[in-house]
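So the sequences go chain by chain: A, B and C.
Here the first sequence is numbered in this note's numbering, starting from 1 and rising by one per residue.
Here the second sequence is numbered in this note's numbering, starting from 380 and rising by one per residue.
Here the third sequence is numbered in this note's numbering, starting from 702 and rising by one per residue.
If you're looking for bench data, these hints aren't it; they were derived computationally from the structure.
What the simulated footprint calls covered on chain A by chain C, stretch by stretch (three residues with Cβ under 8 Å from a Cβ of chain C suffice, anywhere in the stretch; the number is not a length):
#1 13 to 20
#2 47 to 57
#3 61 to 69
From the three backbone atoms N, C-alpha and C, an ideal C-beta is built for every residue, glycine too.
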Amino acid sequence: MNFSYSDEERMMLQMTRDFAERTVKPRAKEVDREHKYPAETVKQMGELGLLGVTVAPEYDGAGMSNICYAIAIEEISRHCASTGIIMSVNNSLACEPIKLFGTEAQKKKYLADMASGRKLGCLGLTESNAGSDAANVQTTAVLDGDEWVINGRKIFITNGGEADYCVLIASTDKAKGHRGISAFIVDLDNPGFSIGTLEDKLGIRGSSTAELVFEDCRIPKDNLLGEQGKGFKIALITLDGGRIGVAAQALGIARAAIEDATAYAKERVQFGKPIAELQAIQWMIADLSTEYEAARLLVHRAAWLKDNKLPYSKEAAMGKLMASEVAMKAATKGIQILGGYGYTTDYPLERYFRDAKITEIYEGTSEVMRLVIAHNILR
Amino acid sequence: MSIVVFAEQREGALRKIATEVVSEGKRLAAAAGTTLKVLLAGSGVAGLADEIKTFGADEIAVVDNDALKDYSTETYAAVLAAYLQQENPELVLLGHSAIGKDLAPRVAARLDAGLVPDCVKIDYADGDFSFVHPVYAGKALATYKVKSAVKIATLRPNVFAAAEQAGAGAVSDFAADIPASRTTLKEMVVSGGDRPELTEADVICSGGRGLGKPEGFEIIEQLADALGAAVGSSRAAVDAGWREHQYQVGQTGKVVSPNLYVACGISGAIQHLAGMGSSKCIVAVNKDPEANIFNVADFGIEGDLYKVLPELITKLKEVTGN
Amino acid sequence: MNIVACIKQTFDTEAKIAVSGGQVSDQGVNLILNPYDEYAVEEAIRLKEKNGGEVVVVSVGTDKTQEALRYCLAMGADRAVLVQDPALGKADSASVSVTLGKLLADMEYDVILCGNQAVDDGASAVPSRLAEKLDLPQANVITALEIGDGSATVRREVDGGSEILDVQLPALFSAQKGLNEVRYPSLPGIMKAKRKELKVVGLGDLGLSADDVAPKTEIVNVELPPARQAGKVLKGEVADVVAELVTLLKNEAKVI
Ligand SMILES: Cc1cc2nc3c(=O)[nH]c(=O)nc-3n(C[C@H](O)[C@H](O)[C@H](O)COP(=O)(O)OP(=O)(O)OC[C@H]3O[C@@H](n4cnc5c(N)ncnc54)[C@H](O)[C@@H]3O)c2cc1C
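Only chain A is shown next, with the shape it has when bound in the complex:
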């Protein structure tokens, strides 16, 4: 067992930390307040290789480990969770399924475009009646000559407002239920595609959450991703990996809350001494720090298992479950430590609080995480 960073892990940690502090942090407040998509940051992340961390160099990726990926997402999310999820979705939900299931031609075009940041990707799975019950997708894809014709609506799609490509989950044979679901790569330039409602959200407000509308949208036959009928499996495997990204995002938010609250507690004087000297505050900081470290170990272990091609579905679910709950708790307690100031927009704690909540919901709710964990243990 080895808990120390390798040279490249250390270097990428330093690089992402510098980049996040100097570039992501100064923009974070505006990104949140103005619901502003951080286009410039995303472009820079592409140049730095942050949009295709685990993608091989021959497809314009960085060829790094999943541990590096988790570190990078955490560092970016430490300062801006909106930027963190934009990055996570492109890496985990758009690049990864093509990396795992795509043909050579699909990888050369779509994967390389997204890993390099030339194009942005998203995953279209959720529908109004298919949330936790993802197998209930109603969107259809019907083969017509050399083209698939897609009809249906996806909701809550991260990056949907800006994405160039979508990994789409649709039914090719309703009679077969989840065995009749297939995955596709859709170029969102196609006629027949349009963006519907853009959600107004509690947090991660710099990341778009869009409705994707497909009306007789035609895509080439070759854009089927993986085998026909294997789409649900592809979606589940994709989400397993995505959970490492979301968990790392949650770690970033938790660390932000803990670090900011700790710094504040050392400065804030009440009853003639810094509140950090009060045991009530010390215990909060001690508990949060311990839980953060525990969650981080879980997440990095899941990443390590994935790097070593070992089963990691249960561990990724555990990591996401714990990290997201720690993020929520750290943001709540963080505000408590700042008192009234924490409740105002003068400090970023309230933003961490609003951002933290989503990590308990997307890419599987905490309840679904428990289902996955229990299923893995009890089967």
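Use these hints to put chains B and C with the ligand onto chain A, whose structure you have.
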């Protein structure tokens, strides 16, 4: 044995730093019981010998040559090295100015001499000199001994007092071979107008992120006018593009030690404090009562600088008559 | 065009300096590539990107310095050489310039770039000393560099302004903030750096003895400067506090 000072001049005028270095050289020469020799190099500079004399020089060697009109490392290094080879002094002093910083190490390497840069204190005791040089941008003070026969040091501007004192002041010409320089000065771009040079200024008014906008420096300029001060900046204001880097005070900018440093809207990051912590008197204006700058300021005003400074400018004008 | 960039690993500028036993303690201090050297390395890489050739980064240091050199390789330098030797333990600017001078004597270069000062000893001495050892023209504290035919035009910061200089090549330049915008090493860059050459040599490999690099200066003591005390914070109506401040500056501090 002797002490040699390189007297820096620019365009025929003696620099303030030169008077400080000559004065300190004289003090050390007296302590060590040796003579102070000053090398004056340039073009049309012979007349400056009289001024140097008033700061205690025993001997003044003058190299007046057209080839030395503009400073160039190679020509000046040749002249200084030749003079040192002739005099074989124990100690050589220069200012830690742009010229001194460039010239001293080049000559030190030629003579295989040890060099202590940017000294704030030099002592002579038990037949040897010791040199105090701030390291980590003033976060620590290191005391050096030099082991080579010729010891070279540069002195931080504005730290050593210029003191008029008697010296024999015998003037002689020094003839040196001046090589062709492989660098040519094309143009000198002067900046900052009439304001004193940051490292030489008695008073510095600095602005930081708290100004909120680039135009905020207008009020800092007005304050500087009222005080006859130089204008400095924190790194945050430079990084924001409000001010050029040459005005940055701090660990990765200029290290200054004026009599009065007025920090406006500057939080007081450790790197900034390192650059101005040796100022004699520090005044801070900041609306954040927790700002770190208040921990080092002699006087602080907690308030909005856009309200405080106009009032301060008016009051100062009454007092200084500027 | 072949370019050599000389770098030093230094304490992080955020570091709090602690002294024990007359020495600065490096306990728990984060080490970084000297900030001014970053500009030198960046400029070297840009010159290569424009004119072709090779960028070699060199340093005198310890085991830990490999990390800083790797960082330069990740930024885009082609190879690195580290001179490491117990006899360089107390190296001063004389020792370092003699060592680098010997190392570079056998290398081919058109331009040598250094940082204009290190943020630890703030000496600004190695660049000029090295230029002297290699008999090169020099321009220190540059904020612009343009390569011409057999010469370079640089802007050099001086007291009260800047000079525009023509410098014959080969030459040595020391970089100042403003020379360029330093890139981050990209992730693919970090991965490529793993396979780039980082050679470690000792003094013996350069044909130098401990005597050749004996330091000419010695630090006999290090102490912390006297801590500044927080002074008086004036509160109240603007007119009143300003009047009070001016009186204090005039009568108590006697600085106006
Ligand atoms: C900001 C945002 C971004 C998103 N990004 C994407 C995206 O990029 N791509 C995409 O496809 N989707 C995305 N989603 C959708 C997200 O993954 C779903 O919202 C999530 O999976 C939950 O589905 P639901 O909202 O329909 O809730 P429901 O499934 O209706 O759940 C409601 C509640 O019931 C609980 N519940 C449901 N089933 C069970 C069960 N079997 N056992 C116990 N409890 C249960 C849930 O835990 C929850 O508490 C995003 C959502 C949001 C809000």
